[in-house]
Each structure stands twice: as C-alpha cells, then as structure tokens.
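Q: Put together the whole structure using the sequences plus the hints.
Chains as they are written, first to last, in the numbering used here: chain D, 1 to 203; chain F, 1001 to 1249; chain X, 2001 to 2318.
Because the hints were derived from the structure by calculation, they are not lab data. In this text, a Cβ means the ideal position worked out from N, Cα and C, and glycines have one as well. Please note that the accuracy of each hint is not assured.
[What the hints assert, rightly or not] Calculated from the model, a selection of chain D residues having no Cβ within reach of chain X, i.e. all distances over 12 angstroms:
hint: 1; residue: 14
hint: 2; residue: 18
hint: 3; residue: 19
hint: 4; residue: 31
hint: 5; residue: 54
hint: 6; residue: 60
hint: 7; residue: 101
hint: 8; residue: 113
hint: 9; residue: 127
hint: 10; residue: 158
[Claimed, not checked] Quick partial rundown of chain X residues pointing at chain D, CB under 10 angstroms, derived from the structure:
hint: 11; residue: 2004
hint: 12; residue: 2052
hint: 13; residue: 2090
hint: 14; residue: 2099
hint: 15; residue: 2288
hint: 16; residue: 2290
[Unchecked claim] Ranges between beta-carbon positions, derived for each pair:
hint: 17; chain 1: D; residue 1: 63; chain 2: F; residue 2: 1170; range: 31 to 39 angstroms
hint: 18; chain 1: D; residue 1: 63; chain 2: F; residue 2: 1114; range: 39 to 47 angstroms
hint: 19; chain 1: D; residue 1: 52; chain 2: F; residue 2: 1079; range: 51 to 59 angstroms
hint: 20; chain 1: F; residue 1: 1056; chain 2: X; residue 2: 2217; range: 21 to 29 angstroms
hint: 21; chain 1: X; residue 1: 2037; chain 2: F; residue 2: 1189; range: 27 to 35 angstroms
hint: 22; chain 1: X; residue 1: 2037; chain 2: F; residue 2: 1187; range: 27 to 35 angstroms
hint: 23; chain 1: D; residue 1: 58; chain 2: X; residue 2: 2221; range: 33 to 41 angstroms
hint: 24; chain 1: X; residue 1: 2204; chain 2: F; residue 2: 1076; range: 25 to 33 angstroms
hint: 25; chain 1: D; residue 1: 65; chain 2: X; residue 2: 2204; range: 15 to 23 angstroms
hint: 26; chain 1: X; residue 1: 2037; chain 2: F; residue 2: 1179; range: 49 to 57 angstroms
hint: 27; chain 1: D; residue 1: 65; chain 2: F; residue 2: 1179; range: 51 to 59 angstroms
hint: 28; chain 1: D; residue 1: 63; chain 2: F; residue 2: 1227; range: 52 to 60 angstroms
hint: 29; chain 1: X; residue 1: 2293; chain 2: D; residue 2: 76; range: 48 to 56 angstroms
Read off the chains here:
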Amino acid sequence: MRHDFLDRYSRLDSPIHRASAAVKLVVALALVVAVVLLPASRPMFLVAVAVVLVAVAVLSRVPWRFLVVRVLLLEPFVLGVAMLALFQSGGWRMFLFLVGKCTVCLMVMVLLSNTTPFSDLLRVLKRWRMPALLVTTLSLMYRYVFVLVDEAQRMGRARTSRTFTPRRSRAWRTIATVVSQLFIRSSERAERIYAAMCARGWR
Amino acid sequence: MTAAVEVRDLHFRYGDGTHALRGVGFSVAEGESVGLIGPNGAGKSTLLLHLNGLLPEAWRGEGSVRVGGVQVGPDTLHEVRRKVGLLFQDPNDQLFCPTVFEDVAFGPQQLGLPEAAVRERVARALAEAGTPGFEARAPHHLSVGEKRRVCLAGVLACDPSILVLDEPSSSLDPRGRRELKELLRQIAITKLIATHDLELVVELCSRVIVLDEGAVVAQGPTVEVLADEDLMLRHNLERPHILRHLHPH
Amino acid sequence: MHIPDGFLDSQTAVTAAALAVTGLGVALRRARLHLPPRRVPLLGLAAAFVFAAQMINFPVAGGTSGHLIGAVLAAVLLGPSAAVIVISAVLIVQCLMFADGGISALGANIFNMGVIGGVGGWAVYHVVSRLVKGLFGCVVAAGFAAWCSTVMASVACAGELASSHTVRWSVALPAMAGAHMLIGIGEGLITVLVLVAIARTRPELLQPEAAPEPRRSYGAIVAYGGLIALGLALFVSPLASRWPDGLDRTAELLGFKEKAVAPMVPAPMPDYEVPGFHWTTLGTSLAGAVGTIVVFALAWLLARALVPKGAAGPRGVP
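A: Encoded structure:
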C-alpha cells in the first residue's frame, strides 16, 4: 500500500497550486492571525473569510469531500477544548465563537497543506533563514515519513495476521514491538543514508 | 596503465566480530565491466563500501584499496568519492531529498558548482538515466524502477569515472530489468556490478569475480566461470539459463 | 494536546513562540556543537519515527484511544537537545502538512511538548536514573519521566488556554491535567515497553555514544531551566494565585459582563469560591501529588516485572 495519500492533492495543477509557496504561506499566516485577533463582537468577519476560502477551494480543484473530511477529522480536538468553555458563564457564545474561529483557521491550513507540497514550503523556510540543521531534519523527515508509516503498517499487519486471540495486554506488547522495531530500523536506515550522503561528497 | 580499481589482501571485521572480508584481492581495468557474484553474506556489499571509504574503522585494518591509483584513506576521501559513483541496494536509502531535483543536485552542489551548472548537470543526468523532466517529482511518488533510475541519475550527476552498483536489478519487474540493462549498457564508464542477477552479468560483464565467505574463490571471463557447474553449486549459485542455450551439453 | 489556531490570544501566542524559538535555538546550537556528522541523518529519521509512532493508537479506558507523544522516548534515546529538535520537526510537519496543531499555536505546542515535555521529562529521567541503578533504574526513570512529561506539558497547555481567557483556569487545569494523568500512563507504559524491547535486541542503541551530549553542562541547565521556569511563571503561576481575574477579563472581553448570561450548562465547580483559597489548584495539585507517587510505584513494579535482576544499565555502570 502506498502512502502518497498523505499529500496526494498537494501536487495538482490549478491557479492556486501554481501560486508561489511563499505567497501562500504569508497569506495563510495573515488570515490565521486576523481570525485569531478577531474580537467576539464581530462574528460576521468569520463568515466573510469562510466564503473566500470556499471560493479558493473550488478554484484549487481539490475534491471538496476530501477537504471536508480533513477538517472534520481535526474537529474533535477543537470541540474537546471548546467544550471546556461551556463550563463558565456565557459559555455558549464563547463555545460557538471558538468553534467558528478554529474551523475557519483549520480551513485555511487544510487548504494551504493541500495546495502546496511540503518540499516547496521547506524551500521557503530555507530562504527565510531557518537554521540548516532544522531544514535537513525536516526534509529527511518529510522524505522518510512515508517509508516509515508504510513499514509500521506492514509490521502491524504481519502481527495481526498471526494474532488469533486479541487481548488487551497483547495489544500493548504488539504496539511496543512495532514501535521498537520501527526505531531500530530507522536508526539503521539513518546509518545507510549517512553512507549515501557521504558517497556523494557530503561534508 | 593504472587499474581503475585495485584491491589487495583486504581484511575487514565488523564491530560485532563478524569477519566479513578475509584477504580479498582483485583489480578492474579502465573501461571494463566486471560482475561481482556470490551467495548472501559473502561480503559483496561490505567490499563495495570499501571502494568509497565508507567504513572509517577499515583504515586501521589490513590490506589496501586503490582507486585510479589513489589509496583510499582519510586524506583522499573526497577525491575517491568523486571518482567512484556508488549505487546503493535500497533506492530509499539513496534518495534522501524531498524532491528529485534536490536529490540529483545534491552531489554537484557538494562539489561547489554554480547554480546554473548544477541545473544543467541535473537535466543531463536525468536524461541519461531515462527519467527526463522528473525534477519536480517527489521520491515517494515514484515506482521502484523510477526510483532506481533517479538514484542512477544522482550518481551520474557527480560525473564519476567508475560506477559501482550494488544489486541494481533487485525488486525490478522483468521490463524494469530489461530497461535497466539497456541503460547500463549505454553508460560507457568502468563498472563493477555486485548482483544475484546472473543474466545481467552475462549480458553486461566481460569478466566476473566470485566471492564467498569473504574471499575471492574464482575469477575469469564471464562465460567460463558461470559455465563451471561445480564451482557455481559449491557457492550456492547456479548456471544461468541463458548459458544453457549458448553451450548445450 | 496539539493546540489549534484560535484558542490562544496574541499575547500568549507570541510569548510562547518566543520561548519556543529560544529553546529550539539552544537545542540547535548544542546539536551543532556536540552532534557528530554521522548522527545528523538520525535526527530526521527519528522525527519520521516519532511521527509514525504517533499514528499508532493505544487503547485507553472506555473504548477511547490515545497516542504516544514520544518526547521522553526521544530524549532517552537521543539526548534532550536532539529530542527538542525532533519533536519540533514533528510538530512543524504536522502543522504545515496536516493542519494538525495551529500555525499561530505552533510556538506554544513546541514549548509544551518539545521543551517542557522533552527537556523537562529528560531532567526527571536523569535524576531518577541516577538514584536507581542499572537498566532497572533506567526503566523506572523512563516510565516515570514519560508520565511526568505528559502531565507537565498538559499543565502548561492549560495555563496557556487560561491566560488567553479561552477557558477558565479552574476548568482547564483539572480537565487537562486530569485527562493527561490517564493518557500519561499509556505514554509511560509504551515508553517502558519500547525501551525494554530495544535493550533486549539492540542494547548498543542505548549506549552513551548514542546521546553524545555532555552530561553536565551548566550553560544548558541554566538555558533550559530558565526557559521552563519562565514559561511556568508566565503561564501558570499568576493563574494559580489569582484566577478570578482571568474570568472577569474574559467576561469583559466578550462584552457580556453586564448582561450576566446564565450558563446553559450548570458548571461543575461553583462560581463563588472563597477568595484566596483555590480549591481547583489545590485539589489538582493534591491529585497530582498522589498520582505522582502512584505512578512512580507502578513504574517500579513494571520495571521489576520486565527487567531481569542485575541487568547492566545502558551506561555500563552498575
């Protein structure tokens, strides 16, 4: 199984995808900051931003179902914290306002991540003088996340296929074995990558 | 004329005590294509790592490795790695950058070339490897065959004078294998190919070296060595079918 | 615990971001000084590893599931500074690639999970593993530190939510800390099981070369310790001492102080607490103290069950 689903739509072709990554990152950041700074007395601004975002989403040609699912998947965390706001006076208004604000921000970030490959964002961050070690770490991480997630799933499946009586204690053991194997394999792979980097003149 | 690769009485022990190489010696002439065969664990990959000075603990050990007349050692690493292009077994280990362009450009950038020259080299190497225009692709969106070619492009972009390949045809489908053979045939530089794919050896290499238990057990012209049924079976190998047609009993 | 956009006000977000940037800067500097080149790729791979490990859910009570944070696991395997870099990288990718955790809250998330979770957790690990010897001691220390790190990070998170006037301290603290006292048990258990499995198959990965950072560096202690202390002083301590102000200001900010809207859901905590006597903070602290002792005992028992007697510690010292 391939894990390109993790960033499947970021490489489509549309006016939004073609826009420069730096511009998109700045606009997204500005929008989020504007929404975060919004006073509770101006809820209509949220609606305006949401409308613009829907238009951008349509232009981007990313399937709307996928976008909606992504936002909904992230919503539980938002609801969880926003619920806490219910336990105080004026809780409902605060709750709705928080959920609205967070959802709009989520839309911004989901759109950004699905119209801009992470490698492009990384190049922007590099140009903005992010320290080299962090850039290297991020680019290796992005490159190998797919490989490792795949490895984890294969190991998990191999285990499940030999598990006949699922028990909770067994489940913990399984997770621990998979995670420890994953670390061992990652550190071995890191050695081989170091060799490959050296072989091409890395200093 | 100095040999492209010359290995003399090379010994190597890993930190865990595994005695991987026990006195390996051979040489590869300029322009030659040599196959390196042997069962799993014979020491093939370890040997190839030596050719690029990738096992720092080896410098204190016995034996010598010379590449184009240069002794591999701490002071000559940069020179040696420029000369020897190493293609690793797992393309996932070798493609470590987030995009194909960055990956193929990695070597030339380390050489300190200006940006325009880097771009030019990347485009040329990708074309040579049969993956022109792949610059913006992400490695995790490539098939195994494409990954292998991009790896090769990354090596070719460094302009090596010797190509060292570790299992280049493993996990390729028949078509991918055929295309890879074609590609390697067209690359006219000295090649040392470690592989289990004996048909590839027959088609590409004029000479083979058989390695087992960390030592060279036979070497000679490909057809002669591979046709020696006893020798092949003794070292967990077998005569390739292709030779049965060439020399029917 | 990934705070989304919209929950933090600008003041808190900016303060947290400044703390996070400083912490990450210290970590990067230390890595540049002490990390040998051959370990550089491991940072990226470890970040991918933590990311993949976070995707594996583990069962928590009542059919719900939690997932690993991995800060202490990373700190034990790679050292505290590397852990800060690794966890930050994970959070940056989660934010920019998956919109998980807000971009305006990225600083807060890095500070909570990377700096407090990683370095704070490592400090606990370091102290306990000094007191209890051998592999047994390391296992006890790692399990206990993983729990502490999760709870500490959640307290900081609650503090940030409360000082942003999003959720009242008296609600945020028990809810966040309470939930994470439970989740932390899972974190501790996985951390322990994973370390034991690694010690069994590849003990050399737990060797000192694996974490080449000098053990005793006063500069680092001052820098990291100062950052964590500053963070707690800014986000947590003012709330712990005078939370009603926070509530008043929230009401003011939302403009319904005069309207005095009655809560739709009856608050579980009465609104009229005796000033100067803070049940929530006190109660949670008490629960925290009891929890700490219980978890330490649990970690001890778990290590007893998992580690053979007299197994040498990762440092080779008895």
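Q: Decide, hint by hint, whether the structure agrees.
A: Quick rundown of the hints versus the structure:
For residue 14 (chain D), the shortest C-beta to C-beta distance to chain X comes to about 19 angstroms, beyond the 12 angstroms cut-off, and the non-interface label holds. Interface exclusion of residue 18 (chain D) from chain X stands, the closest Cβ pair being 19 angstroms apart, more than 12 angstroms. Residue-level check passed: residue 19 (chain D) sits 16 angstroms from the nearest beta carbon of chain X, beyond 12 angstroms. Taking the minimum C-beta to C-beta distance to chain X, about 10 angstroms, the non-interface status of residue 31 (chain D) is violated against the 12 angstroms cut.
With a closest Cβ-Cβ approach of about 16 angstroms to chain X, residue 54 (chain D) is found to remain outside the 12 angstroms limit, as its non-interface label requires. For residue 60 (chain D), the condition that its CB be more than 12 angstroms from all CB atoms of chain X holds, with the nearest at approximately 14 angstroms. Residue-level check failed: residue 101 (chain D) sits 4 angstroms from the nearest beta carbon of chain X, not beyond 12 angstroms. Not every Cβ of chain X is farther than 12 angstroms from the Cβ of residue 113 (chain D); the closest lies at roughly 5 angstroms, contradicting the non-interface assignment.
Distance check for residue 127 (chain D) against chain X: the nearest CB is about 15 angstroms away, which clears 12 angstroms, and the non-interface claim stands. No Cβ of chain X comes within 12 angstroms of the Cβ of residue 158 (chain D); the nearest lies about 14 angstroms off, and the non-interface call holds. A distance limit of 10 angstroms between C-beta atoms decides the matter here; for residue 2004 (chain X) the minimum to chain D is near 5 angstroms, and the interface restraint holds. Hint on residue 2052 (chain X) holds. Least Cβ distance to chain D is approximately 4 angstroms, under the 10 angstroms limit.
With a least beta-carbon distance of about 7 angstroms to chain D, the hint placing residue 2090 (chain X) at the interface is held under the 10 angstroms criterion. Using the Cβ-Cβ criterion of 10 angstroms, the hint placing residue 2099 (chain X) at the interface with chain D is satisfied: the shortest such distance is roughly 4 angstroms. Taking 10 angstroms as the C-beta contact cut-off toward chain D, the hint placing residue 2288 (chain X) at the interface is violated, the least distance being around 18 angstroms. The beta carbon of residue 2290 (chain X) comes no nearer than 23 angstroms to any beta carbon in chain D, farther than 10 angstroms, and the hint placing it at the interface is violated.
A C-beta distance of roughly 37 angstroms is found between residue 63 (chain D) and residue 1170 (chain F), which places it inside the suggested range of 31 to 39 angstroms. Between residue 63 (chain D) and residue 1114 (chain F) the beta carbons are some 42 angstroms apart, a value that agrees with the proposed interval 39 to 47 angstroms. Judged by the Cβ atoms, the range 51 to 59 angstroms given for residue 52 (chain D) and residue 1079 (chain F) holds: they are separated by roughly 58 angstroms. Distance hint check for residue 1056 (chain F) and residue 2217 (chain X): the Cβ-Cβ separation is about 27 angstroms, which falls inside the suggested range of 21 to 29 angstroms.
Under the hint 27 to 35 angstroms, the C-beta atoms of residue 2037 (chain X) and residue 1189 (chain F), about 29 angstroms apart, fit the expected range. For the hinted restraint 27 to 35 angstroms between residue 2037 (chain X) and residue 1187 (chain F), the CB-CB distance of approximately 31 angstroms keeps it satisfied. The hinted range of 33 to 41 angstroms is not satisfied by residue 58 (chain D) and residue 2221 (chain X), whose Cβ atoms lie roughly 54 angstroms apart. One distance hint, 25 to 33 angstroms for the beta-carbon pair residue 2204 (chain X) and residue 1076 (chain F), holds here, with the actual separation near 30 angstroms.
Taking 15 to 23 angstroms as the suggested C-beta distance range, the pair residue 65 (chain D) and residue 2204 (chain X) does not conform, at roughly 49 angstroms. In this structure, residue 2037 (chain X) and residue 1179 (chain F) break the distance hint of 49 to 57 angstroms, their C-beta atoms being roughly 36 angstroms apart. At roughly 38 angstroms, the beta-carbon separation of residue 65 (chain D) and residue 1179 (chain F) lies outside the given 51 to 59 angstroms, and the hint is violated. In this structure the hint that residue 63 (chain D) and residue 1227 (chain F) lie 52 to 60 angstroms apart at CB holds, the actual value being about 59 angstroms.
One distance hint, 48 to 56 angstroms for the beta-carbon pair residue 2293 (chain X) and residue 76 (chain D), is violated here, with the actual separation near 32 angstroms.
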